[in-house]
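In case you want the letters, here they are:
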Amino acid sequence: MTCSRLFDRRTRTLLVIIGCLLFFFVVFLGAWLYGRQGEVTNLTLRKISPGWGQPFGTDWLGRDMFARTLQGLRLSLGIGLLAATCSAIIALILGLAAATLGKTVDVVITWLADAGMATPHLVLLILISFACGGGAKGIIIAVAASHWPALTRVIRAEVMQLRTSDYVRLSRRLGKKPVWIARHHLLPHVVPQFLVGLLLLFPHAILHAAGLTFLGFGMSPHIPEIGTLLSESMRYLSSGMWWLAVAPGLTLVVSVMAFDLLGNNVRALLDPKTMRE
Amino acid sequence: MNNQSTHQGIAGFLLLKMLRLLLLVAAVATLSFVLVSSSPVDPVDAYVGAAMLKVSPEQHEIIAHHWGLDKPPAERFFSWARQIASGDFGVSTIFNEPVLSVICKRFVTSFWLMALAWSISGAIGFGLGMSAGAWEDTLLDRAIRLYAYTMASTPIFWVGMLMLMTFSVSLGWTPVCCAWPLGLSAEQATFWQRLHHLLLPAITLSLTGIAQITLHTREKTIAALRSDYAVFAHAQGETTAGIVFRRALRNVALPAVTLQFASLGELFGGAVLAEQVFAYPGLGRTTVEAGIRGDIPLLLGIVLFSTIFVFTGNFMADLIYQLVDPRIQKTAGGASP
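Which chain is which? The protein sequence lines are P and Z, in order.
Number 276 marks the last residue of the first sequence (numbering that gives the first Met the number 0); no jumps.
Number 336 marks the last residue of the second sequence (numbering that gives the first Met the number 0); no jumps.
None of these hints come from the bench; they were simulated from the model.
Misleading hints may appear alongside valid ones.
[Said to hold, decoys possible] Here chain P is said to cover these stretches of chain Z; the calculated rule only asks that three of the stretch's residues, wherever they fall, bring their Cβ under 8 Å from a Cβ of chain P:
no., stretch
1, 21 to 34
2, 84 to 98
3, 157 to 171
4, 271 to 281
5, 290 to 302
Only a predicted model underlies this, so the values are computations on that prediction, with no experimental measurement involved.
Here a beta-carbon is modelled for each residue, glycine too, at the ideal position from N, C-alpha and C.
Starting from the given sequences, assemble the full structure and let the hints guide the process.
Listed below in structure tokens is the structure:
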């Protein structure tokens, strides 16, 4: 790529991180300052296609789609971030526990992870969100509770390798408790895996949360989450209001791609095989 | 290795897999039952829906008693597990029909959608991946990679909506909904009518499914081109295309087939979303209805069914390795890899 000749990977990753942070900041600030505009109905400005005044057009009630998209994106990013963080922390704890707390714990956790990966993600999401009775809480719990198995396996495998290293064995001989060893010797080693796992989970979490709300689980129609916006626009597809679906969807795709790029760059930087490119 | 022991190896492999499937289904059944019974959604209220105010507390209790909801959860679980073990999945509350027959009927409709999408994405994804890998860092490679990365970040339901707007609403080439013309039953519709209704959802489903297989095949092709045998063939004067399609193909095809079989879970999830957009009456749409309207027997049935579905995919992947890859047959002799 031309980009790789201009900057090395470290600089490029740094640029991507700054870009993503800026994006986050702009979305949250924009939603905070301008988002209220999306709740204002203005019947004289109904069904306007995108133009100078309304960059994303207006809907059938004259609400500004740009403001609604901003608010929706803020909600999607917030839900995704919260769910991905919860999921990654679950994975970290379970992965460490499986590898350090003995055979029984390991068997139980591996069994849980297998069961969690055995069902299609979306079916599991629907099941858990049903179990939580829907709502934003249901979506966050569903996404958090269904995305940990893969990362748990990675962390468990990593810790399994570390466990037989000299300093861990020495520490055990010195009479340290498993939990103490896990916290002081093992945890610092899996932090990179944890961070990369979290960053790579994030785009998945956003997409799955949007998918769930699109299907009608959770959010009430008054809260403009991106999935809800898109499922609302389904009703107006045949009347030619294409912008209701195109603009919010495109924003979602661009943000998911940005965070995917971030995750992949950080992974490549931390992976010793590719870090010197 | 003689034929006799290979057969024994395969038999042992099958037995082991069956045992794993049973354990897995038991685990998923237990977990999902716990999840469902902890739901705050009252199944009776979800069932009567808008007529909730017209149902008196007495009638509510009668329905609950009829479904066995007044018993403690542990007792309910064991009676449910006994039913499942004997092959009875109960009666769906929204369709008023045995769960198994609902799942069978809907799955047949979904099956054609998923099969078509799966084959398209497998074939095209593999071809794109090999071409991208063979001509690494060319304009072609970059275009293919950009496409794959974009599709990996794109929600499938949005792709479906764009397709619907373009081909059904604006151009009018394809129908807007359903799996067969309105007013006809599934049996009355002709093959071409069904294919016409199937085409757009299947293309949508395969467009996003292509991403993973393409990127995976590309990596494998690049690795194969850097291997000793490829360098040797190159030194003998073979062209890149020749090396890729005559020598690397076999090595790349096997992991690709495995990956494609192992991706049945994502295919199922994608089908749920695609069917929702195109109002395609398959198992995916039924899953959503069961979840929203609180049809617990159906939801549990679908969870178990989809678990078996995904397991079958992984099983096929393992089996193909066992049967096709000569290296595994020689070393492991059919033991679980």
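Results of checking the hints against the structure:
Only residues whose beta carbon comes within less than 8 Å of a beta carbon in chain P count, and the stretch 21 to 34 of chain Z has 6; three or more means the coverage holds. Here the stretch 84 to 98 of chain Z counts 0 residues with a CB under 8 Å from a CB of chain P, which misses the bar of 3, and the coverage is violated. Counting residues of the stretch 157 to 171 of chain Z whose CB lies closer than 8 Å to any CB of chain P gives 6, so the stated coverage by that chain holds, three being the minimum. Restraint check on the stretch 271 to 281 of chain Z versus chain P: 4 residues with Cβ-Cβ distances below 8 Å, three needed, restraint holds.
Three residues within the 8 Å Cβ limit are the bar, and the stretch 290 to 302 of chain Z against chain P gives 6, so the coverage statement holds.
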